[in-house]
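Please model the complete structure; the sequences and the hints are all you need to start from.
Those protein sequences? They're chains H and V, same order as listed.
Going by this note's numbering, the first sequence opens with residue -11, and the numbers climb by one from there.
Going by this note's numbering, the second sequence opens with residue 49, and the numbers climb by one from there.
Be a bit skeptical, because a hint or two may be false.
Distance windows between CB atoms, simulated [said to hold, decoys possible]:
#	chain 1	residue 1	chain 2	residue 2	range
1	H	Asp76	V	Gln137	49 to 55 Å
2	H	Gln369	V	Leu333	26 to 32 Å
3	V	Ala65	H	Asp107	53 to 59 Å
4	H	Asp93	V	Ala232	33 to 39 Å
Under the rule of at most 20 Å between Cα atoms (straight-line distance), these lysine to aspartate or glutamate pairs were calculated in the DMTMM-like manner [said to hold, decoys possible]:
#	chain 1	residue 1	chain 2	residue 2
5	H	Lys190	V	Asp181
6	H	Lys425	V	Asp96
7	H	Lys260	H	Glu60
8	H	Lys284	H	Glu470
9	H	Lys186	V	Asp96
10	H	Lys449	H	Glu60
11	H	Lys112	V	Asp96
Selected chain H positions facing chain V (Cβ under 8 Å, derived; list incomplete) [stated by the list, open to error]:
#	residue
12	Asn174
13	Thr176
14	His216
Hints listed in this document are in silico derivations from the structure and should not be mistaken for laboratory results.
For clarity, every value in this text was computed on a predicted model and none was experimentally measured.
All C-beta atoms in this analysis are idealised placements derived from N, C-alpha and C, irrespective of residue type, glycine included.
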Amino acid sequence: MKRRNFIQLSAAAAGISIAGVPMHLLAAGKKGGDLNVIVQPEPPGLMLGIVQNGPAQLVSGNIYEGLLRYDEKLNPSPLLAESWTKSDDSLTYTFKLKPNVTWHDGKPFTSADVVFSADVFLRKTHARLRASLAAIESITAPDASTVVFKLKHPFGPFMGLFETGTMPMVPKHIYENTDFLTNPANNTPIGTGPLKFKQWVKGSYIQLEANKAYHQPDVPMVDNVYFHVIPDAAARAAAFESGKVDVVPGGAVEFFDVERLGKLPGVSISTKGWEFFAPQSWLWLNNRKKPMDDVKFRQAVMYAIDREAMARVAWFGSAKVATGPFNSNIKFFSDKVKKYPRDIAKAKALLAESGYKKEPLRLLALPYGETWQRQAEMVRQNLSQVGINVQMVPTDVAGWNQRLNEWDYDMAFTYVYQYGDPALGVSRNYTSDNIAKGSPFNNVEGYSNPKVDALFAAGVKEPDPVKRGQIYLEVQQILLEEVPVAWLHEINFPTLYRTKVNNLISSGIGLNDSLGRAWIA
Amino acid sequence: MKRLQFMSIRVLQGIAALLVIATINFMLIRAAPGDPVSVMAGEAGASDPQFVAQLRAQFGLDQPLSTQLFNYLGHVVQLDLGFSYRQQQPVLDLILDRLPATLLLTGSAFALSILLGVVLGAYAARRAGTWIDSLTTVVALVFYATPLYWLALMAVLLFSIKLGWLPAFGYITVGSGMTGFALAMDIAAHLVLPAVTLALFYMAVYARMTRASMLEVAQMDFVKTARAKGVRPGRIQRAHILRNALLPVITLAGIQAGGMIGGAVLTETVFAWPGIGRLMFDALLQRDYNLLLGCFLVTAAMAVLFNLITDLAYTLVDPRIEL
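Structural data, given as structure tokens:
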């Protein structure tokens, strides 16, 4: 076995040096093998149109597909759609679908599936997409391989909507005229992706197998992918260390273990594959309540927190200090904004001006493991140093959700995906029309500024990228002055993997759609 | 006849107790902050009032609490434990899927801990005051005082990572396609670390209890009489002392057996053993009400059942005890 691997590896290496052909094409002769991956926590379901949390996307992103893929610069490339055109007024987009694509049950994939998915199914089940679809006037299919999206107004982020998790294609022939949420087919998901659902032993593992009828030659290269459910972080690290697991997705082991595991022989670390999601972490500040309603208090918090030290100590270098509301990976990011280096004296002065009377403030840590716990302790210490009286409130995930849903908090940690474009993943946290109880990821802080609302509204409708850039620069500058929340870090979740796994991360959504494109040397 | 009557009364009492337990559990769970809808909305990364209302209606959470409780109890009486919306399966199916794994793990651990504990305790009692006795006592104390979680991780570190003898997680080698005897051996290999880890704590308890109990019984008159009559020492140990010393051990074993399922949460978590303890823990974190209540009810039923078995076991060991 070992010898064969060695021969394959050297053959591949020789091939590259001679021909300079992309590696995955050369790998054509080396099909096969199983990939063992950790999924944490166990997803609630695999029907990507209904279940949207991270673990579900990790597994189902291989089963379902969107019309497009995105590289790490977030440029679209063909997937289920072969080509697309935009009308001059930016109001009509026409997609040509790839011919001869089939669902996992053998039925053909057509434009009717696209219309059903976007216009019927996902409008009902996918809150995040529904918000974006509001800009769309109609979705029609003039023929079996053409889909036309007509917009109500130019919609800047439109071309960013077609990634697998944002707009997964679901099979019309299975879901039409059924109750989507309780359809029994949800337990045996049918997509068009490179991997097919095989079995799910609850509490133990999920098995996907190669889709032999996949519409791209030489994909997938692996026979099976097993997603192992291992509930304890230390046990996950042990599973990787003992060689039973090949891939540990970001966040699945504690950050203090990443460095150690990354140094093992035959192991690599990559922080790529998060460009599309661009996770940004911050501290919610409840703007409705004293003293957080005072901009001076909020600025004092920004000056008080030692974000550099946190990135180094709590995150072991896997986080980068955020300059503001935009992650540097998303479009229209700018750092021409007010900066908040750590400055205790300034923080104290601002606090004194704000008239804060040392009333105790409740701080909710994010119950996602020890790294977040350490970060919370560091923040409490930083805030105490400048004289803010902080009480930690312990919760579990459900309690954390509920308190944020009900706005029952003073300060709380969070992190949010930004989905490549400020109109998709940033504006929702700061615009007034997104102040609604019931979600921990909309405008939870209760910040309201008509100027910011107007700018975000203009940004989403502006077709010209240059003008959009100017609009979003102004938004960033205003938000940095007003500090509705205290921005902390851009998180670079590190993926641990064995070096025998090649082409593991090949797009801006990383592992979520690339396992079917990986191959084992 | 008397035994049958006793049994039927106990069974009826048990059922009544279970209904009370179900009601209390129902209220307790609702007292915790958060509900399944808020968890799912949070996990989705985005939600709006429409989505939240839709889910609440689907879960039946839009009805008054009393209606929900009566609906629930009404179903439980018909042995219908409800539907887990989160996992999209009937609760009973989910639990029955997981129960064999837990019974295998806790059953092996239980048998191992009693066997080792009683043998070790009896041996130490017989050699009371010698260095062997001291050693046994110290070992038992160490295992008793060591956190299960730490012990489990150390076992993985040594036997899986350093030595590579035993698998670190799961219950089978995934993707091996084994069947029959090979599969049984594979499961057995996966069982060793979690079962031994779980057994060590209770082994310590049984060893200490057996030793103390035997030393106490050894002072009693009937033992002295037997000795005076010239009964062989080995037989005195087994038939006279050990048999009588076992009663408190049985009491403890009954309690352990009843609580075994819940007690396996940590072991199942560290070793990724797909049992009911983890199912329960996940259900708690996700506020999967029906599933959590179902798990509680099944564990409570187990406790009631083992209580009954313990009472019957007393009469077997000591004929003087009547039901």
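Hint check:
Take Asp76 of chain H and Gln137 of chain V: their Cβ atoms lie about 52 Å apart, and the range 49 to 55 Å holds. Between Gln369 of chain H and Leu333 of chain V the Cβ separation comes to about 28 Å, which falls inside the hinted range of 26 to 32 Å. Between Ala65 of chain V and Asp107 of chain H the Cβ separation comes to about 54 Å, which falls inside the hinted range of 53 to 59 Å. Between Asp93 of chain H and Ala232 of chain V the beta carbons are some 35 Å apart, a value that agrees with the proposed interval 33 to 39 Å.
Using a Cα cut-off of 20 Å, the hinted pair Lys190 of chain H and Asp181 of chain V is violated, with the two alpha carbons roughly 46 Å apart. Distance hint between Lys425 of chain H and Asp96 of chain V is fulfilled; the C-alpha atoms sit about 8 Å from each other, no more than 20 Å. A C-alpha spacing of about 8 Å is found between Lys260 of chain H and Glu60 of chain H, which places the hinted pair at or below 20 Å, so the restraint holds. Straight-line distance between C-alpha atoms of Lys284 of chain H and Glu470 of chain H comes to about 9 Å, which keeps the hinted pair within the 20 Å bound.
For the suggested pair Lys186 of chain H and Asp96 of chain V, the alpha carbons sit about 33 Å apart, so the restraint of at most 20 Å is broken. At most 20 Å may separate the alpha-carbon atoms for a hinted pair to count; Lys449 of chain H and Glu60 of chain H exceed this at roughly 24 Å. Simply put, Lys112 of chain H and Asp96 of chain V have alpha-carbon atoms about 11 Å apart, close enough for the 20 Å limit, and the pair holds. Nearest Cβ of chain V to the Cβ of Asn174 of chain H: about 6 Å, under the 8 Å cut. The hint holds.
The beta carbon of Thr176 of chain H comes no nearer than 11 Å to any beta carbon in chain V, farther than 8 Å, and the hint placing it at the interface is violated. Hint status for His216 of chain H relative to chain V: holds, with the closest Cβ pair at about 7 Å, below 8 Å.
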